[in-house]
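**Q** Read off the chains here:
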Amino acid sequence: MSNLQRLREAFRTSLDLPADAPVDELQYQDNEKWDSLAHMSLVAALEDEFSVMIDTDDVINMSSFTEAVSILGKYGVDFNE
Amino acid sequence: MNLFHPGARVIDAVTGETLTEDMIAAAEAQLAGEPGGVVFLPMQTTLPVVARYLAALRLGRPVLLLDPEHDNASFVERFTTTEVHPDLAVLLTTSGSTGNPKLVRLTADAVRTNAEQIAEVLGITGDEVAVTTLPLFYSFGMSVLNSHLIKGATIVLERTGIMQRDFWTAVNEHGVTSLAFVPSQYEMLRRLRFDPAKYPTVRSLTQAGGRLRTDLVTDFSERMATVGGKLYVMYGQTEAGPRMATLPPARLAEKLGSVGQALPGGEFTIEDDEVVYRGPNVMMGYAETAADLALGDVQGGVLRTGDLGRVDDEGFLFITGRIKRMAKVFGVRINLDDVEKNFPVAAVAGDDKLVVFAVGASDDEVRDLRTKIAEWLGTHFSGVIVRSVEALPLMPNGKTDYRALESSL
Numbered sequence: 001m002s003n004l005q006r007l008r009e010a011f012r013t014s015l016d017l018p019a020d021a022p023v024d025e026l027q028y029q030d031n032e033k034w035d036s037l038a039h040m041s042l043v044a045a046l047e048d049e050f051s052v053m054i055d056t057d058d059v060i061n062m063s064s065f066t067e068a069v070s071i072l073g074k075y076g077v078d079f080n081e
Numbered sequence: 001m002n003l004f005h006p007g008a009r010v011i012d013a014v015t016g017e018t019l020t021e022d023m024i025a026a027a028e029a030q031l032a033g034e035p036g037g038v039v040f041l042p043m044q045t046t047l048p049v050v051a052r053y054l055a056a057l058r059l060g061r062p063v064l065l066l067d068p069e070h071d072n073a074s075f076v077e078r079f080t081t082t083e084v085h086p087d088l089a090v091l092l093t094t095s096g097s098t099g100n101p102k103l104v105r106l107t108a109d110a111v112r113t114n115a116e117q118i119a120e121v122l123g124i125t126g127d128e129v130a131v132t133t134l135p136l137f138y139s140f141g142m143s144v145l146n147s148h149l150i151k152g153a154t155i156v157l158e159r160t161g162i163m164q165r166d167f168w169t170a171v172n173e174h175g176v177t178s179l180a181f182v183p184s185q186y187e188m189l190r191r192l193r194f195d196p197a198k199y200p201t202v203r204s205l206t207q208a209g210g211r212l213r214t215d216l217v218t219d220f221s222e223r224m225a226t227v228g229g230k231l232y233v234m235y236g237q238t239e240a241g242p243r244m245a246t247l248p249p250a251r252l253a254e255k256l257g258s259v260g261q262a263l264p265g266g267e268f269t270i271e272d273d274e275v276v277y278r279g280p281n282v283m284m285g286y287a288e289t290a291a292d293l294a295l296g297d298v299q300g301g302v303l304r305t306g307d308l309g310r311v312d313d314e315g316f317l318f319i320t321g322r323i324k325r326m327a328k329v330f331g332v333r334i335n336l337d338d339v340e341k342n343f344p345v346a347a348v349a350g351d352d353k354l355v356v357f358a359v360g361a362s363d364d365e366v367r368d369l370r371t372k373i374a375e376w377l378g379t380h381f382s383g384v385i386v387r388s389v390e391a392l393p394l395m396p397n398g399k400t401d402y403r404a405l406e407s408s409l
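Protein chains in written order, with UniProt numbering: chain A, 1 to 81; chain B, 1 to 409.
Hint data in this document are derived by calculation from the structure and do not stem from the laboratory. Any given hint might turn out to be false.
To be verified - Cut-off 30 Å, straight-line C-alpha distance, at most; resulting in silico cross-link-like pairs (BS3-like, lysine-lysine):
1) A:33 <-> A:74
2) B:230 <-> B:341
3) B:230 <-> B:399
4) A:33 <-> B:230
5) B:328 <-> B:198
6) A:74 <-> B:399
7) B:255 <-> B:102
8) B:255 <-> A:33
9) B:255 <-> B:353
Unchecked claim - On the chain B side, residues computed to face chain A include the following (Cβ under 10 Å):
10) 20
11) 162
12) 296
13) 298
14) 302
15) 337
16) 387
17) 391
18) 394
We put the beta carbon where it would ideally sit given N, CA and C, even for glycine.
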């Protein structure tokens, strides 16, 4: 599975979304399932999945799927493989 | 009742707009043109809602604070009436009860007195700036609003939360001086490695809405001490409008585990192990039907809290459990709160079994917990079920949703 697919999976699992739900456009504010609790779970899932430790500033900046891609990019996760 | 001190300010963090007397007057005029009786108010964190809330209080119209995320049609159906007791000012929903939640009936005196009591023990003056961290229909959220407005302080309306950049930007932009959180938010702040030095205007944290683990009490009290700030541990129930006790930060280390002393004018006694509070902020009673809204005070200023506890010789209250939070395992009564104090789990009663939920536990940790809890209970491990969950379900007030856990059994 590509890193992008792994990221999509992590979002669906953490936000309790169906297996085929589109997630690339997700924004924290717009999705009712993406609340503070889901956010904690999402960050933990990303840390596990990509073996990274996400900084506090990055945790609170991660306000969209796109943002997650660019933040994980900083930690060396390559989404252009 | 007017809670809006002339110096008070309410600012919308997104629009920068502030609440004006004209807005409240307009809301009053609108309400005056509507049918009498209960004002059903979904409490979005916005200026028009705060204006309508204050307008209802000024007009002496009882206002029912509702969760804006829910369908509230059943409340309208159950409580529409013009026959309301003249003393009735605020109606709050009780959380965690099944089916048809009861309402808590509060007088204007109780609401105002509690706001004054809170302001006194927390030292709230016109210089304080609070930001919304909790929904306003929730009694803790309402009390933060009331206790600041009545003292001419500032409230910043922020619709995001502590997991979002905008929230922390607003904290610094508006010079927020105090933050109010429930235990689940302290758990999040710990994961976020909250550093008060990054928010130089924040001088106090307050905590209510359930028991905060003592290691977190110490942790956050120490974090705040590094910047000369304070943590206030507090205790309350919606039925008391809601605050009953505060732990003075100077006594926190020495009285660790206590929820503090009764507010000025209040008093705790222990009757048959149950914490009983007497004070001017106790509700008039519950309402289960529209007819109950015409009732007067049935409590006489006395609230049986349903909590188990003890009071030391200086009046510091220590909560030791909840009367109703019991399970039976092989017929033996177990205090679920004791289980949660000794293990990192949420505990509910199963069918003659103890069922606990552990967040993110591996298979090995699940087995290990089961063995340890059974040993601690002195019972066979088959009486204990351990389930690993990704996260605990929470109610809007941030407390663990035990009903959701029970229904998952």
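**Q** Could you run down the list of hints and mark each one as holding or not?
**A** Going down the list of hints, with the structure as the test:
Between residue 33 of chain A and residue 74 of chain A, the direct Cα distance comes to roughly 26 Å. Compliance with the 30 Å bound is thereby established for this hinted pair. Using a Cα cut-off of 30 Å, the hinted pair residue 230 of chain B and residue 341 of chain B holds, with the two alpha carbons roughly 24 Å apart. In summary, the hint linking residue 230 of chain B to residue 399 of chain B is supported, as the alpha carbons are separated by about 23 Å, within the 30 Å threshold. For the hint linking residue 33 of chain A to residue 230 of chain B, the alpha-carbon distance of about 34 Å lies beyond 30 Å, and the restraint is violated.
Restraint check: the Cα-Cα separation between residue 328 of chain B and residue 198 of chain B comes to about 47 Å, which exceeds 30 Å; the hinted pair is violated. For the suggested pair residue 74 of chain A and residue 399 of chain B, the alpha carbons sit about 35 Å apart, so the restraint of at most 30 Å is broken. A hinted pair counts as satisfied when its Cα atoms are at most 30 Å apart, and residue 255 of chain B with residue 102 of chain B does not qualify at roughly 35 Å. For the hint linking residue 255 of chain B to residue 33 of chain A, the alpha-carbon distance of about 39 Å lies beyond 30 Å, and the restraint is violated.
Annotation: proposed proximity of residue 255 of chain B to residue 353 of chain B is violated, straight-line Cα distance about 35 Å (limit 30 Å). Interface restraint check for residue 20 of chain B: the shortest CB-CB distance to chain A comes to about 27 Å, outside 10 Å, so the restraint is violated. Interface hint status for residue 162 of chain B: upheld, as the beta-carbon distance to the closest one in chain A is roughly 7 Å, under 10 Å. Hint status for residue 296 of chain B relative to chain A: violated, with the closest Cβ pair at about 40 Å, above 10 Å.
Taken as an interface hint, residue 298 of chain B does not check out: its beta carbon lies about 38 Å from the nearest beta carbon of chain A, beyond 10 Å. Using the Cβ-Cβ criterion of 10 Å, the hint placing residue 302 of chain B at the interface with chain A is not satisfied: the shortest such distance is roughly 37 Å. Given the 10 Å rule on beta carbons, the hint for residue 337 of chain B is violated: about 22 Å separates it from the nearest Cβ of chain A. At about 16 Å, the closest approach between the beta carbon of residue 387 of chain B and any beta carbon in chain A exceeds 10 Å, and the interface hint on this residue is violated.
With a cut of 10 Å, the hint placing residue 391 of chain B at the interface with chain A holds, because the nearest CB-to-CB distance is about 5 Å. Given hint, residue 394 of chain B at the interface with chain A, holds; its Cβ is 6 Å from that chain's nearest Cβ, closer than 10 Å.
Violated hints, listed in ascending order, are 4, 5, 6, 7, 8, 9, 10, 12, 13, 14, 15, 16; each of the other numbered hints is respected by the structure.
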